[in-house]
Amino acid sequence: MMDSNGAADDTAEFNLRLYVAGQTPKSLAAIANLQKICEENLAGRYKIEVIDLVVSPQLAAGDQIVAIPTLVRRLPPPLKRMIGDLSNSEKVIVGLDLRPIGKSRT
Amino acid sequence: MTERAANDTEYESLTGEELISRLREAEETLEAIRTGAVDAVVIAGSQGQQVYTLENADRPYRVLVEQMQEGAITLSERGTILYCNERFATLVASPHDSIIGQPLTRYVSVDEGRVLSNMIATGAGPGVSGEFGIVNCLGHEVPVNISLIDLKVDEAMPRLVCGIVTDLTSSRMRTRELSAANERLANEIVERRKTEENLQLTLDAAEMGIWELDLSDNRMRCSLRHDRIFGNATSPVPFDLAALADRFVPEDQHKVREAFETARASGAVEFEHRIRRASDNAVRWVNVKGRTFYDGKRPVRITGVTADITQRREVDEQLRQAQKMEAVGQLTGGIAHDFNNLLMIIGGSLDMLGRRMSGDERVVRLFEAARQAVARGSKLNQQLLAFSRRQNLQIEVVQINDLIPTFEHLLDRAVGETVKTKFVSGTDLWECRTDPHQLETAIVNLAINARDAMPQGGELVIKTANRRVDEAFASRWEASAGEYAMISVGDTGVGMSAEVLAHVFEPFFTTKDVGKGTGLGLSQVYGFAKQSGGFVAVTSAPGRGTVIEVFLRRSTDSVPIVRKPAEATLETGTGVVLVVEDDADVRATTSGMLQDLGYSVLSAATGSAALEIIQANAGLDLVFSDVVMPDGMSGVELARRIGLVRPALPVLLTSGYTAQRAIPELPTGERALLKKPFSHSDLSIAIRKIMASVSAT
Chain S
1 MMDSNGAADD TAEFNLRLYV AGQTPKSLAA IANLQKICEE NLAGRYKIEV IDLVVSPQLA
61 AGDQIVAIPT LVRRLPPPLK RMIGDLSNSE KVIVGLDLRP IGKSRT
Chain X
1 MTERAANDTE YESLTGEELI SRLREAEETL EAIRTGAVDA VVIAGSQGQQ VYTLENADRP
61 YRVLVEQMQE GAITLSERGT ILYCNERFAT LVASPHDSII GQPLTRYVSV DEGRVLSNMI
121 ATGAGPGVSG EFGIVNCLGH EVPVNISLID LKVDEAMPRL VCGIVTDLTS SRMRTRELSA
181 ANERLANEIV ERRKTEENLQ LTLDAAEMGI WELDLSDNRM RCSLRHDRIF GNATSPVPFD
241 LAALADRFVP EDQHKVREAF ETARASGAVE FEHRIRRASD NAVRWVNVKG RTFYDGKRPV
301 RITGVTADIT QRREVDEQLR QAQKMEAVGQ LTGGIAHDFN NLLMIIGGSL DMLGRRMSGD
361 ERVVRLFEAA RQAVARGSKL NQQLLAFSRR QNLQIEVVQI NDLIPTFEHL LDRAVGETVK
421 TKFVSGTDLW ECRTDPHQLE TAIVNLAINA RDAMPQGGEL VIKTANRRVD EAFASRWEAS
481 AGEYAMISVG DTGVGMSAEV LAHVFEPFFT TKDVGKGTGL GLSQVYGFAK QSGGFVAVTS
541 APGRGTVIEV FLRRSTDSVP IVRKPAEATL ETGTGVVLVV EDDADVRATT SGMLQDLGYS
601 VLSAATGSAA LEIIQANAGL DLVFSDVVMP DGMSGVELAR RIGLVRPALP VLLTSGYTAQ
661 RAIPELPTGE RALLKKPFSH SDLSIAIRKI MASVSAT
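Each protein sequence line maps, in turn, to chains S and X.
Residue 18 in the working numbering sits at position 18 of the first sequence, and the numbers go up by one each step.
Residue 345 in the working numbering sits at position 345 of the second sequence, and the numbers go up by one each step.
To give an idea of the interface, some chain X residues facing chain S are shown, with a C-beta separation under 10 Å as derived from the structure:
id : residue
1  : E28
2  : T29
3  : L30
4  : E31
5  : A32
6  : T35
7  : G36
8  : A37
9  : V38
10 : A40
11 : G48
12 : Q49
13 : Q50
14 : V51
15 : Y52
16 : P60
From the derived model, a few chain S residues whose C-beta atoms are all more than 12 Å from chain X:
id : residue
17 : Q35
18 : E40
19 : N41
20 : A43
21 : G44
22 : K47
23 : L75
24 : E90
FYI, nobody ran anything at the bench for these hints, they're computed from the structure.
Just so you know, even glycine gets a beta-carbon here, dropped at the ideal spot from N, CA and C.
Generate the whole structure from the sequences, applying the supplied hints.
Now the structure itself:
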C-alpha cells in the first residue's frame with residue numbers, strides 16, 4: 001500500500017501526507033501548523049503532500065482515512081497517523097518523531 | 001461492502017498487539033471527532049468515498065456569500081426565493097424573513113417581471129444575465145444586473161437556480177458623472193473656441209496681425225492680416241526672419257534684426273519702423289510687439305502682433321505740427337506787438353522831424369531811407385500779426401471771382417515776363433467771408449513764391465472753385481469739414497521735398513537766399529486763412545511744381561459789405577484830446593503828432609488817471625486810448641466807464657494787437673479803432689472823422 005502510494009519518494013527523510021477537506025477551518029489550520037512545525041524542526045529533511053479529499057475522495061481509501069484533517073507519516077517507517085488540526089505542536093513532535101506508536105507493516 | 005469484508009478477513013490474521021494498535025487508532029479517531037478536532041469525515045457511500053464537512057465547516061463560504069457586496073439568492077424552479085443574503089435584503093429594503101418565500105418578480109415591475117420569469121423558467125443553464133430595475137419596499141427603483149445560473153448539487157435534488165444581483169447605482173452614477181464630465185469638457189472646448197474667435201475678431205478689429213517666430217529655424221507663421229499689412233498676396237506666403245527684415249526700408253533693416261536678436265535674451269521685442277508694402281510699394285509704419293517664450297532658459301519662440309500705424313503716426317505728426325505752429329504764433333504775436341510800439345515811436349518821430357526838416361538833400365535822402373525802413377518794418381509786422389492771427393481783419397463777404405481783375409493787375413507787376421499767368425475762374429463760385437486786402441496780399445505772396453520757384457520761367461495758374469471738404473482732408477490741414485470757396489496758386493516750378501513741406505508755414509522759414517525772402521509769405525497766408533476760418537493746403541513734389549490752395553469758408557450772408565476807399569491826407573483840427581497810453585515814449589510821440597495837427601493834448605499813463613482827468617476837465621472833446629494797458633483797466637473798460645460818466649465824450653481806441661471784440665461804436669456804426677502802427681495821416685483822418693461825427697449829432 002505504501003508502495004502503491006509512494007509516488008516521488010525522494011531523498012527526504014520525513015515524508016508526510018496531510019489529508020484535508022477543501023477549506024474547512026481545521027484543514028486550513030492543519031496545513032498552516034504542519035508547515036510551521038516542520039520548518040522549525042525538520043528544515044530541509046521533510047516533504048509534505050496535501051491531499052484534498054473534496055477534490056479526490058477516492059484517495060481516502062488508501063490510508064483508511066475516516067476523519068479530516070489527518071496527518072500520515074509515511075517515512076520513516078513505521079507508518080504513523082495523527083488526527084486533528086495539529087495545533088499542539090509538542091504532541092505532534094512526539095507523535096511523529098520520537099516514539100513509534102506501533103510497528104509498521106510493509 | 002467488499003472493502004469491509006476484506007477488512008474483516010484482515011483482522012483475523014492480525015496479532016493481538018496489532019489489534020490493540022488498531023483499536024487505539026479507532027479510539028483516537030472517535031475521540032478526535034468527539035472533541036471536534038476534525039471538521040470533516042469520509043463516508044463510504046453507494047457511490048464510493050464522499051467527504052462530509054461538519055456543520056460549521058463551510059463557514060468561510062457562507063461568510064463570503066453573506067458578506068459580499070452583491071446580492072445573492074437561491075430560487076426554486078418557479079422563481080420563489082429560497083435564500084437571500086443580507087445585501088439582497090438591503091437592496092429590496094425588507095427584513096430577511098419576509099423575503100424568503102416571495103417570488104423574485106415581486107421586486108421588479110410587471111413588464112420586467114415577465115422577462116425575469118421567462119429567464120428563470122427557460123433555464124439559466126450555463127448562466128444568463130440581464131439588467132432590471134428593482135423596486136424596493138420604500139418605492140425606490142434600484143438599477144441592478146441579475147445573473148442566474150442553475151445550481152447543481154445532487155442529481156436527486158430538485159432544480160435550483162442561484163443568482164447574483166449587482167447594484168448598478170454607483171456604476172450608473174459613474175457613467176453619469178463621466179458623461180457630465182464629457183459634457184463639461186465639450187463646453188469648455190466650445191468656450192475656448194469662442195474665446196479664440198473673439199480674440200481673432202478683436203485682433204481683426206484692431207487690424208493687428210499675429211505672428212510666431214520659431215527660434216530653432218527662424219521660420220515665421222503669420223495670420224492673414226499680418227500678410228495683408230505687408231501687402232503679401234492673398235495666399236499665405238512662407239516667411240522667415242530674414243524675409244521679414246528685408247521688407248523694412250534699408251535704413252531700418254539692421255535695427256529690426258537687432259531687436260529680434262535682443263529679444264532672445266530680454267524676453268520682449270517692440271519697435272516702430274517703416275516697411276515697403278509689397279502690394280503697392282508704399283512706405284508704411286508698423287508697430288511690432290512680441291514676447292519670448294522659453295523652454296527652461298533656452299528661448300524657443302517669439303510670439304506677437306503687428307499693426308500698421310501709419311495713420312497714427314500721421315495724426316501724431318499733424319498734432320505736433322499744429323502745436324508747434326500755435327507756439328510759434330504766440331511768440332511771433334508777442335514780438336510783433338512790441339515791435340509795433342517801437343515802430344510807432346520811430347515812425348511818429350520821423351513824421352514830426354520831417355515837418356521840421358531843412359532842405360539839405362543828403363539829410364532828406366537819409367530821412368526818406370529811414371521812413372521807408374519804418375514802412376517795411378510795419379509791413380513785416382503786419383505779416384507777423386497775420387501769421388499769429390492777431391491782426392484786425394476787415395472781414396467782408398467777398399466774391400473772389402470779383403477780385404480777379406485786381407489780382408491780374410497786381411500779379412502782372414509781381415511775377416515778371418518769364419512767367420505766364422493764367423486765370424481759371426470757377427463758375428457760380430460761392431461767396432466767402434474774408435478780408436479782401438489780406439487776400440490780395442496772400443495771393444501776391446503766393447505768386448512771388450511761385451515766380452521764385454520758376455527761375456527758368458513757367459506757368460502760374462490762379463484757379464477758383466467751390467469745394468466740399470470732408471473730414472479726412474480737413475484733418476490733414478487742421479481744419480474742419482464743410483463748404484469752402486477755394487483759390488489756388490499753382491506753378492510748374494521746382495517743387496518741394498517732404499522735409500521742406502513740413503516747415504513751409506513756419507515764420508522765417510525760407511529756401512530763398514539770404515536777403516531774397518523774409519520767410520513770412522506763406523506764414524501770412526497761413527495765419528490769414530486760419531483767422532478767416534479757412535485753411536491752406538499744399539501739394540508739391542520735387543520737380544513737379546507746387547499748388548497752394550486757400551480755402552475760405554462759404555458765406556451765406558447775401559449782401560456784401562461795401563469797403564470804403566482809404567484816404568491819404570493830413571487833416572488838421574482843433575479841440576482837446578486826452579491821450580491814454582502806458583508806454584511813455586509812445587505817449588509822447590502820439591501827443592506830439594496830435595499837437596502838430598492843431599489839437600490841445602492832455603495825457604495819462606493809466607485808465608484810472610485818465611478818469612480823474614476826465615472828471616476834472618469838462619472841456620475835453622476826445623479820449624484817445626490804447627487798448628492794452630498793464631494796470632488792469634483796459635482801453636475797452638475805460639471806454640465803458642466814460643460811457644457811464646460822460647456818455648457824450650467820444651473814445652477812440654488804438655491797438656496793434658488781436659482782433660478786439662468790445663470796441664465802442666461811433667454813431668455811424670463804425671468801430672472806433674485805429675490800427676497800430678498808424679501814420680500821422682491815419683491818426684489825423686481818424687480823429688477828424690470822430691470829431692465830425694460828434695459835432696454832427
